[in-house]
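Produce the entire structure from the sequences given, and follow the hints as far as they go.
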Amino acid sequence: MCQLLALNSNTPAAITFAFTGFSARGGATGEHVDGFGLAFHQDSGCRLFVDQGRASDAALAHYLRRTPIRARTTLAHIRKATQGDVTLRNCHPFLRTWQGRQWSFCHNGDLRDFHPLLHGPDRPHGDTDSERALGLILQTLRQRFDGGPAVGWREIAPVIADLAGRIAVHGTFNFLLSDGQALYAHASNRLSFVQRRYPFSVARLVDADMSFDLASVNGRSDRMVLIATEPLTHDEPWQTFGPGELRVFVSGEEVWRSRTGV
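Each residue of the sequence shown is one higher than the one before, starting from 1 at the first, in our numbering.
Read the hints as simulated data drawn from the structure, not as lab findings. Hints are supplied without guarantee of correctness; some may be wrong.
Stated by the list, open to error - Using 20 Å as the maximum straight-line C-alpha spacing, the simulated EDC-like pairs for lysine to aspartate or glutamate come out as follows:
no. : residue 1 : residue 2
1   : 80        : 110
2   : 80        : 230
3   : 80        : 146
4   : 80        : 57
5   : 80        : 127
6   : 80        : 207
7   : 80        : 51
Remember, it's a predicted structure, so these values are computed and weren't measured experimentally.
This is how it looks when you write it as structure tokens:
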């Protein structure tokens, strides 16, 4: 299956160090070779990069490992295809617009017999179960909230938790979803996170012979959370999501948690 990565911070932060280790799993230390992508949520909108090549050695991945693009929320994905051809249109993260905000989504898992009836902007462009799941989530949010005032994570989180439980009956549904204001992370079976705050330590990658002094780029007031399918670093206090758990993060802090019952 695929691998997920996200960074959520109270100030714009670069994911280059984490992506260096993560991208190695796309062909060097892992077998996830069917494409990759990153979505950077910045104040001006969301910048999306996708490539159907291997994250370990593609030219775009090389560029992203060396170019510090700062964002408050970043999602990354490396793909091992279970449904859908190896093409750009099937590379995660997928990007959609709702309530004037751009939403990015990536999924690790396999949903069987999952073919929701989707309309208009929520119909998939590719042929993955993942994009169909995003379509159902946003279509449900449109049906629930369109016509009223704009809503935030407090109203949205319970709806997503309910949907996650209903979609997960079709198989494995680990996912990351963000509108740039909040990060929603759900685990069916594999997802971990670590929170970083002052005093910052030295982080050492699992998948590459590289360490980085986090204190060299972060101040006393900075805080962030890093989420990954499997821990990316040694010696940091990674925590494991429970099965069926949805957590919501805002500005580098967990603000909401729920168990979907799956």
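_Hint by hint, where does the structure go against what was stated? Just the numbers, ascending._
As far as the earlier hints go, only 3 is violated by this structure.
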